[in-house]
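K.L.:
Heads up: the protein sequence lines correspond to chains A and B, in order. Mapping of the first sequence onto the numbering used here: position 45 corresponds to residue 45, and the numbering continues sequentially without gaps. Mapping of the second sequence onto the numbering used here: position 125 corresponds to residue 1125, and the numbering continues sequentially without gaps.
Heads up, some of the hints might be wrong.
Here are a few chain A residues that sit away from chain B, every Cβ distance over 10 Å (derived from the structure) [as the list claims (entries may be wrong)]: (1) M39; (2) L43; (3) G76; (4) T156; (5) G200; (6) T212.
What follows is a set of in silico ranges between Cβ atoms, one per label pair, in the way DEER data are often shown [said to hold, decoys possible]: (7) A:P137 to B:Q1035: 29 to 37 Å; (8) A:L32 to B:G1110: 46 to 54 Å; (9) B:L1027 to A:P123: 43 to 51 Å; (10) A:T204 to B:L1009: 48 to 56 Å; (11) B:G1006 to A:Y118: 31 to 39 Å; (12) B:L1009 to A:A120: 52 to 60 Å; (13) B:L1030 to A:L6: 18 to 26 Å; (14) B:N1069 to A:N35: 43 to 51 Å; (15) B:A1114 to A:A25: 42 to 50 Å; (16) B:I1031 to A:S157: 23 to 31 Å; (17) A:D99 to B:A1114: 33 to 41 Å; (18) B:S1074 to A:N215: 48 to 56 Å; (19) B:A1007 to A:A25: 19 to 27 Å.
20 Å max Cα-Cα, derived DMTMM-like pairs, lysine to aspartate or glutamate [unchecked claim]: (20) A:K57 to B:D1107; (21) B:K1098 to B:E1064; (22) A:K134 to A:D99; (23) B:K1097 to B:D1040; (24) A:K202 to A:D124; (25) B:K1041 to A:E104; (26) A:K202 to A:D161; (27) B:K1098 to B:E1056; (28) A:K57 to A:D161; (29) B:K1098 to B:D1082; (30) B:K1041 to A:D208; (31) B:K1098 to B:E1088; (32) A:K202 to B:D1040; (33) A:K134 to A:D173; (34) B:K1041 to A:E77; (35) A:K158 to A:D99; (36) B:K1041 to A:D71; (37) A:K57 to B:E1056; (38) A:K57 to A:D208; (39) A:K57 to A:D124; (40) B:K1041 to B:D1065.
Bear in mind the hints are in silico, worked out from the structure with no lab data behind them. In this text, a Cβ means the ideal position worked out from N, Cα and C, and glycines have one as well.
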Amino acid sequence: MKRRGLSLMEVLIAGSLMVGILITAEATVRYLWNNNQRMRDALGPRQQIRSFFLQLKRDLRSASFLFLGYDGNLMGEHITVPAAGGTGTALLFAVPSDDSANTEYTVCLLTPRARSQYDANNPDARELLYHRYKSVPSVPPNTPGGLMPASMAIGTSKVFDVYLPPGPATGSDPPFSIRISNNGAGIRVMTHFLVNPQRGNKVTERYDAFFTLRNNV
Amino acid sequence: MRQPRGATLAEVALGTFIFAVFSLGVLALLIRCNQLNHQDKSLSQVNSLSEGLMEELVMLARSEDGFQNLASQSLRPAGDPDYVYSVEVSTPMTGLKKVTLLLYYHDPSGSAAAIDTARPNLGLATCLGTALEQP
């Protein structure tokens, strides 16, 4: 029996079906890809903020002194620590090694700075630098207020890549803010990260924490 | 030569069924991923918020007056519009207070301190407890 070719109508229908299936498949793959990308964009800064809060909680609970109102240059950044009842973006505090008469203190610095890795989609995003100077004894003993962070030997740094957008520390929803309680023993840390992904919508989440110094004098 | 035949209805139906099962599996995985991501975000917020509120109570109780004035608090906004909280304070023995903080999901259609009881656990997001010693 002689084989006949496909009619024009059959070719058109088959072509339309093929185009429809391809468009659907492409849209599905794109949706899955964007969704995965969006989740990764949100998970990164969120995990970094959680790690940052854990680190800060551990150190602040044993900290005995806050350098309230400190103003100066440290680790290449200009640092202004808020006074009691004030608001700012930097924190400087001393953690004693033990309760001995001539204990050594580890001074910790927290400040936001421009991200080390350039990202064309987030050119203004900031990261958090957390630096622990080498521990030193205070002179006279047990007076951490007499420590001079500017002249201390560099210790170890941790960087938390939390995608903080630029903006003032004041207001009800700042990108990053450190607020000291009136009695100087409580610290509220407010973070609100913003990631502009290569594709898709912006990812933004807010996390706040409050820490109480339990070892301060 | 034998004429090539097309697929039978049963073959097409079987192929479509296998494809549908595979697609639904992928879709379910995607939906579950989204749910887990949302839960992770919510849990992170609940943890940082509840610990922050508890830390504020700890800070207040570190002074003599603050410890004496530490008392139960009825439902109130938690700072984050998605949550409300209450505090229960008891004195199991002299010089010691047991503080329990209950964080609930806020019902935005209700009052400023309304609980979203439609959520699991009748809207209870988390419960934290600690014992505070008189300074």
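K.L.:
Does each hint fit the structure? Answer for all of them.
P.N.:
Status of the hints after comparison with the structure:
| no. | hint | verdict |
| --- | --- | --- |
| 1 | M39 | 5 Å, violated |
| 2 | L43 | 7 Å, violated |
| 3 | G76 | 29 Å, holds |
| 4 | T156 | 25 Å, holds |
| 5 | G200 | 14 Å, holds |
| 6 | T212 | 4 Å, violated |
| 7 | A:P137 to B:Q1035: 29 to 37 Å | 53 Å, violated |
| 8 | A:L32 to B:G1110: 46 to 54 Å | 38 Å, violated |
| 9 | B:L1027 to A:P123: 43 to 51 Å | 36 Å, violated |
| 10 | A:T204 to B:L1009: 48 to 56 Å | 52 Å, holds |
| 11 | B:G1006 to A:Y118: 31 to 39 Å | 58 Å, violated |
| 12 | B:L1009 to A:A120: 52 to 60 Å | 54 Å, holds |
| 13 | B:L1030 to A:L6: 18 to 26 Å | 37 Å, violated |
| 14 | B:N1069 to A:N35: 43 to 51 Å | 50 Å, holds |
| 15 | B:A1114 to A:A25: 42 to 50 Å | 46 Å, holds |
| 16 | B:I1031 to A:S157: 23 to 31 Å | 41 Å, violated |
| 17 | A:D99 to B:A1114: 33 to 41 Å | 48 Å, violated |
| 18 | B:S1074 to A:N215: 48 to 56 Å | 33 Å, violated |
| 19 | B:A1007 to A:A25: 19 to 27 Å | 20 Å, holds |
| 20 | A:K57 to B:D1107 | 31 Å, violated |
| 21 | B:K1098 to B:E1064 | 16 Å, holds |
| 22 | A:K134 to A:D99 | 18 Å, holds |
| 23 | B:K1097 to B:D1040 | 32 Å, violated |
| 24 | A:K202 to A:D124 | 14 Å, holds |
| 25 | B:K1041 to A:E104 | 39 Å, violated |
| 26 | A:K202 to A:D161 | 17 Å, holds |
| 27 | B:K1098 to B:E1056 | 15 Å, holds |
| 28 | A:K57 to A:D161 | 18 Å, holds |
| 29 | B:K1098 to B:D1082 | 26 Å, violated |
| 30 | B:K1041 to A:D208 | 13 Å, holds |
| 31 | B:K1098 to B:E1088 | 8 Å, holds |
| 32 | A:K202 to B:D1040 | 18 Å, holds |
| 33 | A:K134 to A:D173 | 35 Å, violated |
| 34 | B:K1041 to A:E77 | 32 Å, violated |
| 35 | A:K158 to A:D99 | 26 Å, violated |
| 36 | B:K1041 to A:D71 | 36 Å, violated |
| 37 | A:K57 to B:E1056 | 13 Å, holds |
| 38 | A:K57 to A:D208 | 13 Å, holds |
| 39 | A:K57 to A:D124 | 27 Å, violated |
| 40 | B:K1041 to B:D1065 | 37 Å, violated |
Violated hints for the displayed structure, listed by number in ascending order: 1, 2, 6, 7, 8, 9, 11, 13, 16, 17, 18, 20, 23, 25, 29, 33, 34, 35, 36, 39, 40.
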